[in-house]
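Based on the provided sequences and hints, a complete structural model is requested.
Every letter in the sequence shown is one number past the one before it in my numbering, and letter 8, counting from 1, is 8.
Hints listed in this document are in silico derivations from the structure and should not be mistaken for laboratory results. Note that beta-carbon positions come from the ideal geometry of N, C-alpha and C, so glycine has one too. Don't take every hint at face value.
No farther apart than 30 Å at their CA atoms in a straight line, the calculated lysine-lysine pairs in the BS3-like style are these [stated by the list, open to error]:
1) Lys91 - Lys80
2) Lys80 - Lys112
3) Lys94 - Lys80
4) Lys112 - Lys91
5) Lys94 - Lys112
Cβ-Cβ distance ranges computed for the label pairs, FRET-style [unchecked claim]:
6) Gly150 - Gly37: 37 to 45 Å
7) Ala124 - Thr160: 17 to 25 Å
8) Val97 - Asp146: 16 to 24 Å
9) Gly150 - Pro125: 31 to 39 Å
10) Glu113 - Pro90: 16 to 24 Å
11) His159 - His100: 12 to 20 Å
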Amino acid sequence: RTSIWFDEGKDASDVQSNLRRFHYYYCVLGQQGFSTGRHYWEVDVSGKTAWRLGVARGDVDRGETATTGTSCGLWTLALKGGSLLACTDPKPTKVNVSVHLVRVGVFLDCEKEEVTFYNAVTMAPIYTFSMGTVTVSLFPFFNPCDTDDGQNTAPIMIHTPSL
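Okay, structure coming up:
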């Protein structure tokens, strides 16, 4: 299990430059990239008022961009302002769920060129992106979002269930 959180008080001015680091958004990519196969992981989002997670192209822009949706190589689901959104372009798509999500499952199927999100508690599907052909590795994408004046300080926790 791995936890990710945003620490608003942490001074990051002495952090060494790294081409793989996001320079504007509070995001990280998973360590392992995928170009074949089927992969599944779960993210505990309980206690969060905002988050964003899914899959990113390995060559996704790490700086400030005009768009942060599918056209720039991100296939993500986000909780923002109490609404669940599929981060589609040109604008996000509101996704209706009947319960408050506490754990989200992400299923990447490289052969079908799809990423599907699930309520990991009930295994009910939430949203599926058709990615089309992607010629670079895909990485798990995580954004715990900012602290929202102390309301969003809980970490997101990544779980890889074993079969």
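To see whether the hints hold, each was checked on the structure:
Between lysine 91 and lysine 80, the direct Cα distance comes to roughly 14 Å. Compliance with the 30 Å bound is thereby established for this hinted pair. Annotation: proposed proximity of lysine 80 to lysine 112 holds, straight-line Cα distance about 29 Å (limit 30 Å). Annotation: proposed proximity of lysine 94 to lysine 80 holds, straight-line Cα distance about 10 Å (limit 30 Å). Of the pairs offered as hints, the one joining lysine 112 and lysine 91 holds, with about 24 Å between alpha carbons and a cut-off of 30 Å not exceeded.
Distance check on the hinted pair: lysine 94 and lysine 112 sit about 24 Å apart at the alpha-carbon level, within 30 Å; holds. Against the hinted window of 37 to 45 Å, the Cβ-Cβ separation of glycine 150 and glycine 37 comes to about 40 Å, which satisfies the hint. Range check, alanine 124 to threonine 160: about 20 Å between beta-carbon atoms, so the 17 to 25 Å window is met. Valine 97 and aspartate 146 have their C-beta atoms about 23 Å apart, which keeps the hinted 16 to 24 Å range intact.
For the pair glycine 150 and proline 125, the beta carbons lie near 33 Å from each other, so the given range of 31 to 39 Å is met. Remark: the range hint 16 to 24 Å for glutamate 113 to proline 90 is upheld by a beta-carbon distance near 21 Å. For the pair histidine 159 and histidine 100, the beta carbons lie near 18 Å from each other, so the given range of 12 to 20 Å is met.
Violated hints for the displayed structure: none, as all numbered hints are satisfied.
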